[in-house]
Structure formats: C-alpha cells, structure tokens
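K.L.:
What follows is each chain in one-letter form.
There are 2 protein chains.
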Amino acid sequence: MRQSATQLPLASRATGLVGSVIDSSTSLLARQEHDVVSFAMGSPAAEAVPTDVLGEINAAVLARHDAYLYAATEGDPALRSAVLAMLDGTGEATTEERLTITSGGMQGIDLACKLFVDPGDLVVVESPTYTNGSATVMSYGGEVLEAPMDDDGLVVELLPDLVARAGRTPTAIYTIPNFQNPSGTTLSLRRREALLEIAREWGAMIIDDDPYGLLRFAGDEVAGLRELSDGDPLVFSVRTFSKLLAPGLRVGWVDAAPELGQLLINAKQAMDTCTNLPAQRLVAAFLDGGHLADHLARLRPEYRARKEAMQDALAEHLGDVATWTDPDGGFFLWVTLPDDVDTQQLFPAALAEGVAYIPGSSFSPGGRFPNTLRLCFASTTPARTDVGIRRLRRAIDAARG
Amino acid sequence: MRQSATQLPLASRATGLVGSVIDSSTSLLARQEHDVVSFAMGSPAAEAVPTDVLGEINAAVLARHDAYLYAATEGDPALRSAVLAMLDGTGEATTEERLTITSGGMQGIDLACKLFVDPGDLVVVESPTYTNGSATVMSYGGEVLEAPMDDDGLVVELLPDLVARAGRTPTAIYTIPNFQNPSGTTLSLRRREALLEIAREWGAMIIDDDPYGLLRFAGDEVAGLRELSDGDPLVFSVRTFSKLLAPGLRVGWVDAAPELGQLLINAKQAMDTCTNLPAQRLVAAFLDGGHLADHLARLRPEYRARKEAMQDALAEHLGDVATWTDPDGGFFLWVTLPDDVDTQQLFPAALAEGVAYIPGSSFSPGGRFPNTLRLCFASTTPARTDVGIRRLRRAIDAARG
Numbered sequence: 001m002r003q004s005a006t007q008l009p010l011a012s013r014a015t016g017l018v019g020s021v022i023d024s025s026t027s028l029l030a031r032q033e034h035d036v037v038s039f040a041m042g043s044p045a046a047e048a049v050p051t052d053v054l055g056e057i058n059a060a061v062l063a064r065h066d067a068y069l070y071a072a073t074e075g076d077p078a079l080r081s082a083v084l085a086m087l088d089g090t091g092e093a094t095t096e097e098r099l100t101i102t103s104g105g106m107q108g109i110d111l112a113c114k115l116f117v118d119p120g121d122l123v124v125v126e127s128p129t130y131t132n133g134s135a136t137v138m139s140y141g142g143e144v145l146e147a148p149m150d151d152d153g154l155v156v157e158l159l160p161d162l163v164a165r166a167g168r169t170p171t172a173i174y175t176i177p178n179f180q181n182p183s184g185t186t187l188s189l190r191r192r193e194a195l196l197e198i199a200r201e202w203g204a205m206i207i208d209d210d211p212y213g214l215l216r217f218a219g220d221e222v223a224g225l226r227e228l229s230d231g232d233p234l235v236f237s238v239r240t241f242s243k244l245l246a247p248g249l250r251v252g253w254v255d256a257a258p259e260l261g262q263l264l265i266n267a268k269q270a271m272d273t274c275t276n277l278p279a280q281r282l283v284a285a286f287l288d289g290g291h292l293a294d295h296l297a298r299l300r301p302e303y304r305a306r307k308e309a310m311q312d313a314l315a316e317h318l319g320d321v322a323t324w325t326d327p328d329g330g331f332f333l334w335v336t337l338p339d340d341v342d343t344q345q346l347f348p349a350a351l352a353e354g355v356a357y358i359p360g361s362s363f364s365p366g367g368r369f370p371n372t373l374r375l376c377f378a379s380t381t382p383a384r385t386d387v388g389i390r391r392l393r394r395a396i397d398a399a400r401g
Numbered sequence: 001m002r003q004s005a006t007q008l009p010l011a012s013r014a015t016g017l018v019g020s021v022i023d024s025s026t027s028l029l030a031r032q033e034h035d036v037v038s039f040a041m042g043s044p045a046a047e048a049v050p051t052d053v054l055g056e057i058n059a060a061v062l063a064r065h066d067a068y069l070y071a072a073t074e075g076d077p078a079l080r081s082a083v084l085a086m087l088d089g090t091g092e093a094t095t096e097e098r099l100t101i102t103s104g105g106m107q108g109i110d111l112a113c114k115l116f117v118d119p120g121d122l123v124v125v126e127s128p129t130y131t132n133g134s135a136t137v138m139s140y141g142g143e144v145l146e147a148p149m150d151d152d153g154l155v156v157e158l159l160p161d162l163v164a165r166a167g168r169t170p171t172a173i174y175t176i177p178n179f180q181n182p183s184g185t186t187l188s189l190r191r192r193e194a195l196l197e198i199a200r201e202w203g204a205m206i207i208d209d210d211p212y213g214l215l216r217f218a219g220d221e222v223a224g225l226r227e228l229s230d231g232d233p234l235v236f237s238v239r240t241f242s243k244l245l246a247p248g249l250r251v252g253w254v255d256a257a258p259e260l261g262q263l264l265i266n267a268k269q270a271m272d273t274c275t276n277l278p279a280q281r282l283v284a285a286f287l288d289g290g291h292l293a294d295h296l297a298r299l300r301p302e303y304r305a306r307k308e309a310m311q312d313a314l315a316e317h318l319g320d321v322a323t324w325t326d327p328d329g330g331f332f333l334w335v336t337l338p339d340d341v342d343t344q345q346l347f348p349a350a351l352a353e354g355v356a357y358i359p360g361s362s363f364s365p366g367g368r369f370p371n372t373l374r375l376c377f378a379s380t381t382p383a384r385t386d387v388g389i390r391r392l393r394r395a396i397d398a399a400r401g
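Listed in order, the protein sequences are those of chains X and Z.
Take full-length UniProt numbering: the last position of the first sequence gets the number 401, and nothing is skipped along the way.
Take full-length UniProt numbering: the last position of the second sequence gets the number 401, and nothing is skipped along the way.
Isolated chain X (complex conformation) (with noise of 0.2 angstroms):
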C-alpha cells in the first residue's frame, strides 16, 4: 500500500518546499542531451575550468592520507590562509576569526538563514531573486516580501513604506549587490548606503551574497557592502568558487562578525560537518600558486564576449518583441517579452525545438515576471547561443500561434 508523501508527518515548511526551486528544470537540464542548447544552469562554461591546472595540483594535493579525513568544521587551515591572502590588499580584506569556510556559496545562505530567520520572520528579499535563496528563507519558516528593483537594483527608498505595509520589521534582507541574478542589475553606491543605514535602524541582517563580484567586464567596480559596513556585525558575507573556478568543488566562505563564529561552526556541525576536504586543498593550491588572476583575466573578456553575442543573437531573432539588460559583469540577462507571452507555459515547447532557460517567475515567490526569463551567457559559446536564440523565437512563434 502506497502511501502519498502529505500522509507522511511532514513539517509545515516542507510542503512550502514544493515547487519553489527550480529543481524540475534544473535536475532535467542536468541529464539533457547534448543537442539542447541550456541557457539555464547559471553555470561557468566547462571549457572555462582550468581542468589542466587543477589536474596537476590534484595529483600533488591528493596523494597526501591526510586529505581524506574529516577537515576542521570552520574550514582547513591551508584554505583559510588562501583565502585571506587571497583578499589582502582589497576592498574584501578579512581576519581570521570572521572567516568560516563553506560548501558552496548556498550553504552560507543556509548557515544565515538558519542563524537568523525563525518561522514566521519577515525577510527581505529582491523582487526578481535568486530562487535558492528565497527558498531557503521559507525552509525555515521565514516570510519572504518581495522588495522591486530597478536598473540600479533593489530600490532601498520603497523599503520602508513596504515594511509598514507588512506590520513588522524584517529580521534580515537578502541582496545580491553585483550583477544580481537573475536581474543582471547591479545596486548603486547610494543605495548601498541607504540600505546600510536602514539594516541598522531595524536592526535587521544584511545577507549579501556576491557570487559575481570578481566577474565585472566593463564599468566601475562599486565598493561592497562589506568594506562600506566597515565590520557592522549586521552585514553577513557569502561568496564562493563556484562562478569563479568550478561550481562542481562547492567550495565558498562567509565572512562575518566574529562573535557568530562558535555559532557559524556549531550550525554547519549540523549541516556537514565539514566541507570536502579534497576540493578545500586544491582551491588552497590553485590560490597559493596564483593561477586565480590568469584565470580571471582569462575569464572576463570572453564573458563579455559571450554577453555581447547574447545581445547580438537577442536584437537579430528577438528585436522586435523581447528587451533584456545590460549587465557589467556576472553571467545572466534577464529577457522581457510580451505580455500574452507565458514563459512557463513555453517552457515545454522551448525545450522541443532544443533551447532551454528559466522561466522568469521562478524568481519569484509570489510568481511575478510572467512574461520574462533569465538567460546565462557564460555557459554556451557565441556559435551555440545563436542557434538557441533562434530557437527559441521559433518557440515563441509557435506559442503566440
């Protein structure tokens, strides 16, 4: 006899889970066939690991026994040294007793969330946001309010009229200041003040994850919220390797006050104990033999190649219905298309003709954004990406009769 997961004593949060991460398209994408062309995975390009580097270094870092065992929960002293070096001398620079090694930038989230946010707990959360995220907020009961963006990000300014609204101040806010995903926009100087102060009037945490950072291809570099908080115990940092060396290392750190740091290594104790050891050393010899300023000299110009064949590939098959953005720096643009377009719907048809993406309204909790999509430029090259815009106007075309 079968019984159905609801007659399970599943927690409240759990059935929350259902449907508010994009687990169908990406768990599908992951097993695609090779013809699909997947603007989807906000994924670095395969060809973009340096594969021979880290091959090398692995060959070096593994035939040690003690790679293998259990790393110290706050992360493995050679990768802490890294990393810190790794920041000295920049607008990111840390110590020691604020740093805490992660598994990716998504467990710092979950480490935030669940240090932070308990159930019914108010939290800001940009309106379109990284679906991970804001998922992670209602996995612990959190109430997600979804705050709008404009070209310069999430617009501070409308917060406390949107907080008023809500009846209660929010515990914490969720922003992705550079190249946000999946918006691409990137939150201005004034803003990132403005939002300093009002986290400090509410006395509410800022969780500012920033993934893309170092991937800026044009403009000015904005200082963080990190080096304009100057240590503020309310701002939480998480960054990670993924979109700068390889997603599949799961590999991040969070920086945050040190007064969370016995709670940050208690938490992740209950998490994973510990992030994988093996990858820990070879990001920590990948660092120490200064391959990452190559590597990311290497990188930048040929995302911002891609982002501009993107465009190209956008205005020749898509000019006459679609608008997207214009980031400096990260992997997405987010594509607006017409109003009778539904791009859920398309989804299904979009994956026949060979093209797949995220429906834009998987950015939204509250399913906003009907019409739109996020495209990631970094992970297919210029060649590919036009036959998959192509693809998907057929797509469009077919929907829209």
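These aren't lab readings, by the way, just hints derived from the structure by calculation.
Do not rely on the hints blindly, as some may be mistaken.
[What the hints assert, rightly or not] Rough simulated footprint, nothing fancy, chain X against chain Z, three-plus residues with beta-carbon under 8 angstroms: (1) 49-58; (2) 62-70; (3) 259-271; (4) 352-365.
From the three backbone atoms N, C-alpha and C, an ideal C-beta is built for every residue, glycine too.
Please build the complex by placing chain Z on the supplied structure of chain X, with the hints as guidance.
P.N.:
Just chain Z now, with coordinates in the frame of chain X:
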C-alpha cells in the same frame, strides 16, 4: 563599538545551538599537535584510507572537464548506478527512485529534520545519542526526548510510557541501530520489529542512521530497519561512505520513500545545491572498480584488533576504576568512570597529559552521563592506544587527588 552575538537578531534556535555540539573539542582537535593521542573524532584511521587507489582513480576522473561542474541535485548518475549495484543482492537493496546522494550522512540527518521537524515537534533520541543528530533536530526547533538504552540498544518497550508522560506523540525517532555512536551497542532484532510497530502506530518517521553497519567484525548480522520495514515510507535511511572509505569526501546517500524524492531535491537545493562532483565520481569509480569488498575485508580485522587493543589497555591501566562496552563493530567504546569523575571537567587535564576523548555528557542534550566518555578505537594504532590510555589514567588519578 563591538556588538555581542545576542544583540543580533538571532533566531530562537540559534542560541539553542550553543554548546549543543562538540565543536570546541573537534575544532580544537583538528588543530592538535601530533603528540596528543586523540580518541575523540569518530574518524577512520588515516592509514585506513586507500590513498593509492584513490589517487590513481582521481587522475582519470579529474581529467574530464565536466567533473568540475554542477551535479544533478539527486546525485551524479555514475554514483547513483554504482550505489544501486553495490547494494544489489544485500538487505539494503534499493531502487533508483528511492535514492538521493548526500554530502555525507550528516546531510541525510539535516534533510530528514528539514522535512519532518517543525518547531515544538517531539523527536525521540537514544540516550546517549550522536551529538550532531540531536543538535540538528534542535536546529529546526524540535524538542528531543531522551530514551534509555541497554545492551540491546534503545529500550523500545519503555517508549509508550515516556511518550505518554511527554503528552504528545513524536514526529520522529532517531536511531543508530548498529554499533551505536557513542555507546557501541546494537539494537536487537526483536526491538527493531517493536520499533517499526510503534512508529506505525504513532505515524512517526524512523530516522535510521547506519554509518557503521558494514563495519561488523564480530557476531551475526541483524536485519536492518530498511529491510524489515519492506519499503515502509516511515523509514528514512541515512547512509554514508565516511566510515567505509573516507570522511573528507563528504559523500553519502539517503534511501527513502519515492514520494519524498522531489521534496528531497527541493530541500537539498536549499542546502548546498549538489554534492561535490569530483568526490561523487571518485566514489563511483572506486565502487565500479570492485575495490570496496577488498577494502572492507582489510578494515574489519584491523578494527577488531584495534578494539581489542583498546580493551586490553583499559584492562591494564583502568581495570580497577572503569567499565566499558564490547561492540561487534563500528568505532567506539563507551567508558564509565567512578561517580566522582566529571569527564567534562577532566578534559583539559587529559589534554594537558596528551590524550583526548569526548565527554559522555556531550551525547546527551540533558547533560546526562557526566562520569562517562567515548573513545574512538578506529583511528589509533594499538601502540598509540596504550600510550593514550596510560595518559588518561594519569589524568584521572590527578583529578581524584
């Protein structure tokens, strides 16, 4: 102006995490100098890791560009197939749709708690229990109910009374049926059947955590809860390669009702997106290469010899003041000292003598068992074990004046 953590908007559960985990010891010990004999971490011996085989496999696995990208959330197809093949024909045989690859067994527990534990829910745990198991329950706001154990494991027949006194039925029962951590005891067949019966009566999930089952070195196998339950959706089985192969890889799996599959994907995406892909490929190739059987055949007599060496050392140096368990597998001895010894207080003195362990009270959310301690016999050679137990004796003698 420095804020303290408690001035930050901490979730109610976060403060509950303080001190609930053995962080101070493990993190401390991960940094210990070589001369401390550590019986603390539940880790395989460094020399038990087949580094040569893993190194060879790694060279092939990591040459592939796609080994560094995102994996499917439910696990890389290569590892999923290898795990199914490994379990085929055993009492643990399972199917594709019941399987989720996890970042170690710890994430399996985290997934179970995320899906089943609402704030205020009652969860039965063994007393003593695995610290990070109960800590994870509490990290979702669950309340743990400590249930007594004897030489046959959890005393299932006492549960109805305990639960009646608690005034509500539990949402889950967390058990480590084989060579329990920390006590070393194995749940008898009769009690396993009784546990399944009572879980069905209550509609409670059984979190069946079995990291050590394949490391039996004496006595007869007892049919597992997974096997006895015949696929009952109330049994959520957590497994890991940490003790079988290498903990630093952070690779495990969950065997659960197919109707939970999508929820597990959603929940895992809100934790770490996917498990480290090189590690998944490495374990898959290790299994496909037929190395596990040989490896376990080497480990079992070695661990038996280490257990016996530790028992011999205890008899020689602590025979007049202590008693200890006699497990048929796994990693741990549970040692009981005279009532006047508080092993938490003893710890700094022991460390100063050059020996480390985990105080027994760490394994009880209520701080029971103050005069006990857990010793891991797996990670030290017989000669080092003898040195360590001598040092422990000196620390005890000094403490007792």
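K.L.:
None of the hints should be skipped; say for each whether it holds.
P.N.:
Going through the hints against the structure:
1. By the rule of at least three residues with a Cβ nearer than 8 angstroms to a Cβ of chain X, the coverage given for the region 49-58 of chain Z holds, with 5 such residues.
2. Check result for the region 62-70 of chain Z against chain X: holds, 9 residues qualifying (beta carbon to beta carbon below 8 angstroms, three or more required).
3. A count of 10 residues in the region 259-271 of chain Z with a Cβ less than 8 angstroms from any Cβ of chain X is obtained; the coverage claim is therefore met, three being the minimum.
4. Coverage of the region 352-365 of chain Z by chain X is violated in this model, with 0 residues showing a Cβ closer than 8 angstroms to a Cβ of that chain against a need of three.
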